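Following the hints, put chain B in place on chain A, whose structure we already have.
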Amino acid sequence: MKFRTIQRHVREGFKNIIRNGWMSVASIGAVTVTLILVGAFVAIMLNINQMANKVEEDVEIKVLIDLTAEDKEVTELGEDIEAIPGVGTVNFSTKDDELKELVNSMGEQGEAWALYEQDNPLNHAYVIKAADPQQTEVIAEEIETFDHVHKVVYGQEVVSNLFKFNNYARTIGLGLIIGLVLTAVFLISNTIKLTIMARSTEIGVMKLVGATNGFIRWPFFIEGLLLGILGAIVPVGLIATAYYYVVNNFSGKTTFYFVELLPFNPFIWQLTAIIIIFGAFIGVWGSIMSVRKFLKV
Amino acid sequence: MIIMKDVHKTYTTGVTALNGVNIEIDRGEFVYIVGPSGAGKSTFIRLIYREEIPSKGDITIQGIETNKMKDRAVPFLRRKVGVIFQDFKLLPRLTVYENVAFALEVIEEEPERIRERVMEVLELVGLKNKVRSFPQELSGGEQQRVSIARAIANNPDIIIADEPTGNLDPDTSWSIMRILEEINIRGTTVIMATHSKEIVNTIKKRVIAIENGIIVRDEHQGDYGYEI
Chain A
0 MKFRTIQRHV REGFKNIIRN GWMSVASIGA VTVTLILVGA FVAIMLNINQ
50 MANKVEEDVE IKVLIDLTAE DKEVTELGED IEAIPGVGTV NFSTKDDELK
100 ELVNSMGEQG EAWALYEQDN PLNHAYVIKA ADPQQTEVIA EEIETFDHVH
150 KVVYGQEVVS NLFKFNNYAR TIGLGLIIGL VLTAVFLISN TIKLTIMARS
200 TEIGVMKLVG ATNGFIRWPF FIEGLLLGIL GAIVPVGLIA TAYYYVVNNF
250 SGKTTFYFVE LLPFNPFIWQ LTAIIIIFGA FIGVWGSIMS VRKFLKV
Chain B
0 MIIMKDVHKT YTTGVTALNG VNIEIDRGEF VYIVGPSGAG KSTFIRLIYR
50 EEIPSKGDIT IQGIETNKMK DRAVPFLRRK VGVIFQDFKL LPRLTVYENV
100 AFALEVIEEE PERIRERVME VLELVGLKNK VRSFPQELSG GEQQRVSIAR
150 AIANNPDIII ADEPTGNLDP DTSWSIMRIL EEINIRGTTV IMATHSKEIV
200 NTIKKRVIAI ENGIIVRDEH QGDYGYEI
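These protein sequences, in sequence, are chains A and B. The numbering of the first sequence is numbering that gives the first Met the number 0, which starts it at 0 and goes up by one. The numbering of the second sequence is numbering that gives the first Met the number 0, which starts it at 0 and goes up by one.
Derived from the structure by calculation, the hints contain no laboratory data. Fair warning: this is a prediction, and the values are worked out from it, not measured in the lab. You may find that some hints are simply not true.
Below, a list of computed lysine-lysine pairs in the DSS-like style, where the Cα atoms sit at most 25 Å apart [stated by the list, open to error]:
1) B:Lys79 x A:Lys1
2) B:Lys67 x B:Lys55
3) B:Lys55 x A:Lys295
4) A:Lys150 x A:Lys71
5) B:Lys67 x A:Lys295
6) A:Lys292 x B:Lys69
7) A:Lys295 x B:Lys79
8) A:Lys192 x A:Lys292
9) B:Lys79 x B:Lys4
10) A:Lys1 x B:Lys69
11) B:Lys129 x A:Lys14
12) B:Lys127 x A:Lys14
13) A:Lys295 x B:Lys129
Not close to chain A: a few residues of chain B, all C-beta gaps over 10 Å, as computed [as the list claims (entries may be wrong)]:
14) Asp5
15) Thr9
16) Phe29
17) Asp57
18) Glu64
19) Gly125
20) Val130
21) Arg149
22) Trp173
23) Val199
24) Lys203
25) Tyr223
All C-beta atoms in this analysis are idealised placements derived from N, C-alpha and C, irrespective of residue type, glycine included.
Here chain A stands alone, though its shape is the one from the complex:
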């Protein structure tokens, strides 16, 4: 295809949108409405996912080491733990560290414990985080089989329930997004199909004059692309404004440490890209599918 032909197709694509008038407005409207829904939903889902990740990241395994273990054996245990596949970080925590942490965590009551500093009854410990938090249980079970391990602590019950809940939330969220996207594609391609159906005789005439299918298809491709991108403008503006407002007014004002929204920048740029690309995709898809039907004639 010659460059001037590409120029021609782009020009025709723009011209078609203008000459289609209200039909174009209807298509852009359909894209706008669905993109607002999809965009808002994606923003909510990504934030829920982020919170779930944050909670999961805090899951750690504490390995209490036998009091009788010698330094060399402690080091060896550490090496063995690091060698387990899927282990992320391994930190050694002396019994003094452990006591400090205990004292801190108990506030005023903890001061009584401080007396034990002279004769610390606690164990040395390894604090382990799994590379993938979901593997915590598997790793913990393996560590339990090692020598010189006094006890493995990782909140068994809570952790498995938490993961179950998070996985449900993610699956349901993903399912809803997919459903919404399919509905959007259907709705938009139908609207675009109407605008193209009105032009089916035109396509027939173009073929009579000797236009190849590709030649006919290109301006429609450009038109769909533009409809999708134009339809993305309002949703992007709306969602960015709303998100800016929410981040500034709610972030850090709740008592739960994990309720923290994704920062406005860069999240809103990522979301903008998602919305625009998605809009362009459904615009193009809708118009190509509709034209294809008429090209077979």
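Below, chain B alone, put in the same frame as chain A:
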């Protein structure tokens, strides 16, 4: 050069439109296709620009066998065959200029050459002053002249006209005929299906009469031959 050998056409509905047609039309001829409604004239015409392919038999257009060509090659045949219809078939959302230019854009002609050629053919059909009008702003005769301009824009070897004067008043019809004759004199083959006894009997050309799917008469300098 158009050659048809024992051409049959039966539509999927079971209707037989052509039933063994043999014909040769030479380069530069002017041919009328006449016959009663439903005799097979339109099918005959549609076979030439490969809107249809024969159920049986062979058709060769400018050396190309249409029943053997691939779908992808059809647009290139259409560029050698300009088509004019009773209902004009202009693109309603394009101006007169753009309608004619479309046929040239399709063959990826240079923009400057397109401009030149569009004005040239619009002058030939006498519509140079209407380039910016849209089809619905024109009279029937003017619209038909635009469709003729479009059909001849890329210098096709053959012009096919399916009742080009069917919707037009007598005066306008004569002006359309003058344009078609002019095109023919410049060397283009013209094949025209018509119901107009007056035109056929006045502008004497070869006449092919089709009835019940077969050619019943083929005369040079012929008459319309039917009473209406």
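These are the hints, each one checked on the structure:
1. B:Lys79 x A:Lys1: It holds: about 21 Å lies between the C-alpha atoms, which stays within 25 Å.
2. B:Lys67 x B:Lys55: Holds. Lys67 (chain B) to Lys55 (chain B) sits at ~12 Å (cutoff 25 Å).
3. B:Lys55 x A:Lys295: holds (23 Å)
4. A:Lys150 x A:Lys71: holds (19 Å)
5. B:Lys67 x A:Lys295: holds (18 Å)
6. A:Lys292 x B:Lys69: Judged against 25 Å, a Cα distance of about 19 Å means the pair holds.
7. A:Lys295 x B:Lys79: The hint holds at about 22 Å.
8. A:Lys192 x A:Lys292: Roughly 10 Å between the alpha carbons, so the hint for Lys192 (chain A) and Lys292 (chain A) holds.
9. B:Lys79 x B:Lys4: holds (21 Å)
10. A:Lys1 x B:Lys69: holds (24 Å)
11. B:Lys129 x A:Lys14: The hint holds at about 20 Å.
12. B:Lys127 x A:Lys14: holds (23 Å)
13. A:Lys295 x B:Lys129: violated (34 Å)
14. Asp5: Correct as stated: the minimum Cβ-Cβ distance to chain A is 27 Å, above 10 Å.
15. Thr9: Holds: least Cβ distance 20 Å, greater than 10 Å.
16. Phe29: holds (22 Å)
17. Asp57: holds (22 Å)
18. Glu64: Given that every Cβ of chain A is farther than 10 Å from that of Glu64 (chain B), nearest at about 18 Å, it holds.
19. Gly125: holds (21 Å)
20. Val130: Correct as stated: the minimum Cβ-Cβ distance to chain A is 16 Å, above 10 Å.
21. Arg149: Label violated. Min Cβ-Cβ 7 Å, cutoff 10 Å.
22. Trp173: holds (26 Å)
23. Val199: Since the minimum Cβ distance to chain A is about 26 Å, Val199 (chain B) lies beyond 10 Å and the statement holds.
24. Lys203: The claim stands: Lys203 (chain B) keeps its Cβ more than 10 Å from every Cβ of chain A (closest is about 30 Å).
25. Tyr223: The claim holds: Tyr223 (chain B) sits with its nearest Cβ about 28 Å from chain A, beyond 10 Å.
Taken one by one, the earlier hints fail for this structure at numbers 13, 21, listed in ascending order.
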